[in-house]
Structure formats: C-alpha cells, structure tokens
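**Student:** Sequence:
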Amino acid sequence: RWHDIDFEGRTIRWRAEHDKSGYEHITPVTVEALDALAEARSPIPSAGDAPVLPAPRNPSVCIGAALAQGWWDRAERLAGLEPKPGRGWHSLRRKFASDLMDQPLKVLCELGGWKTAKTVLQCYQRADEGQLRTALEARRRSRA
1 RWHDIDFEGR TIRWRAEHDK SGYEHITPVT VEALDALAEA RSPIPSAGDA
51 PVLPAPRNPS VCIGAALAQG WWDRAERLAG LEPKPGRGWH SLRRKFASDL
101 MDQPLKVLCE LGGWKTAKTV LQCYQRADEG QLRTALEARR RSRA
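Residue 68 in the numbering used here is what sits at position 68 of the sequence shown, and the numbering runs on without skipping anything.
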C-alpha cells in the first residue's frame with residue numbers, strides 16, 4: 001500500500017500479512033526505486049491506503065497472481081527472452097541475493113527480508129563462474 005512507502009525516510013514497510021513467513025520488516029530503498037514509485041503515484045494524488053499495484057476491476061485490492069504472471073510473461077516476450085523454467089518474479093530475489101553476495105550476510109538478510117541466513121544460502125545465492133574463478137585465484141599459495 002502507498003502509505004507503507006516513506007518517500008522522505010526512503011524506506012518501505014513490508015507487511016507480515018503479505019509475507020509467506022509472516023515477517024514484517026522495514027528496508028531502505030534506492031533513490032531510483034523511489035523515483036519510479038513517485039512517477040507511478042503521480043496520477044493518484046491521494047493514494048493513501050490504495051495498493052501500489054491495484055486490481056483493474058477493483059482498485060481497492062491488490063492485483064492477483066495470474067495478472068502479475070501475465071505481466072512477467074509479456075515483459076519476457078518484449079525483452080526477446082526465451083521462457084525458462086524457474087524464471088519469474090522470484091528469480092529477481094535470487095538475482096538480488098547473488099548481486100549482493102559480497103555484502104555481510106546479516107545486511108543481505110535485512111535488505112531482502114530473510115529471517116535466516118540458511119534460507120539465503122540454500123535457496124537464493126548462486127555464485128557464477130566468474131566469482132568462483134576470482135575466489136580460486138585469490139587463494140593463498142604455499143611456497144614450494
């Protein structure tokens with residue numbers, strides 16, 4: 001909901017009732033994200049308790065999963081991407097966790113809204129070949 005976005009404080013409150021594990025938390029938001037949100041809100045002067053992504057037929061409720069998936073599928077087609085299993089909205093969380101792999105794990109968990117580091121390590125972070133090679137090359141070498 002729009003009132004969960006603090007434009008001045010640059011944070012978003014993620015409500016427990018919308019989180020599958022019931023975890024309510026507040027995270028900072030980038031200036032770029034806030035700019036995009038401000039632009040989306042501009043035609044709605046008194047957004048207040050309205051959903052950020054309102055349902056087309058009833059703007060007082062959030063869009064459903066089917067519509068969100070339809071938007072993803074359309075964006076995928078427009079980007080010229082071949083559909084792949086496992087690619088969808090949730091893959092953005094995996095990308096986020098992998099992109100921030102160099103940050104302290106506690107910081108990543110707070111930003112991503114994960115309660116435990118175990119979840120991040122088991123399900124979300126994926127090292128790519130470049131990261132693996134960099135780690136291998138940075139190892140200590142014993143002197144022969």
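Each hint should be verified, as a subset may be incorrect.
[To be verified] Label pairs and their in silico Cβ distance ranges:
#, residue 1, residue 2, range
1, PRO54, LYS118, 24 to 30 Å
2, PRO28, TRP89, 18 to 24 Å
3, ILE44, LEU136, 47 to 53 Å
4, ALA127, GLY70, 41 to 47 Å
5, ASP128, PRO43, 38 to 44 Å
6, LEU81, ASP128, 16 to 22 Å
7, PRO28, PRO56, 28 to 34 Å
8, GLY88, LYS118, 41 to 47 Å
9, PRO54, ARG141, 57 to 63 Å
Treat the hints as calculated values from the structure; they're not laboratory data.
Glycine is no exception: its CB is placed at the ideal position from the N, C-alpha and C atoms.
**Student:** Each hint: holds or not?
**Tutor:** Verification of the supplied hints:
Restraint check, PRO54 to LYS118: a C-beta distance of roughly 35 Å breaks the suggested window 24 to 30 Å. For the pair PRO28 and TRP89, the beta carbons lie near 21 Å from each other, so the given range of 18 to 24 Å is met. A beta carbon spacing of about 51 Å between ILE44 and LEU136 agrees with the range 47 to 53 Å that was offered as a hint. Roughly 32 Å separates the CB atoms of ALA127 and GLY70, a value that falls outside the hinted 41 to 47 Å.
Roughly 40 Å separates the CB atoms of ASP128 and PRO43, a value that falls within the hinted 38 to 44 Å. Taking the beta carbon of each, LEU81 and ASP128 are about 18 Å apart, inside 16 to 22 Å as hinted. Restraint check, PRO28 to PRO56: a C-beta distance of roughly 31 Å satisfies the suggested window 28 to 34 Å. The hinted range of 41 to 47 Å is not satisfied by GLY88 and LYS118, whose Cβ atoms lie roughly 23 Å apart.
Between PRO54 and ARG141 the C-beta distance comes to about 58 Å, which sits within the given range of 57 to 63 Å.
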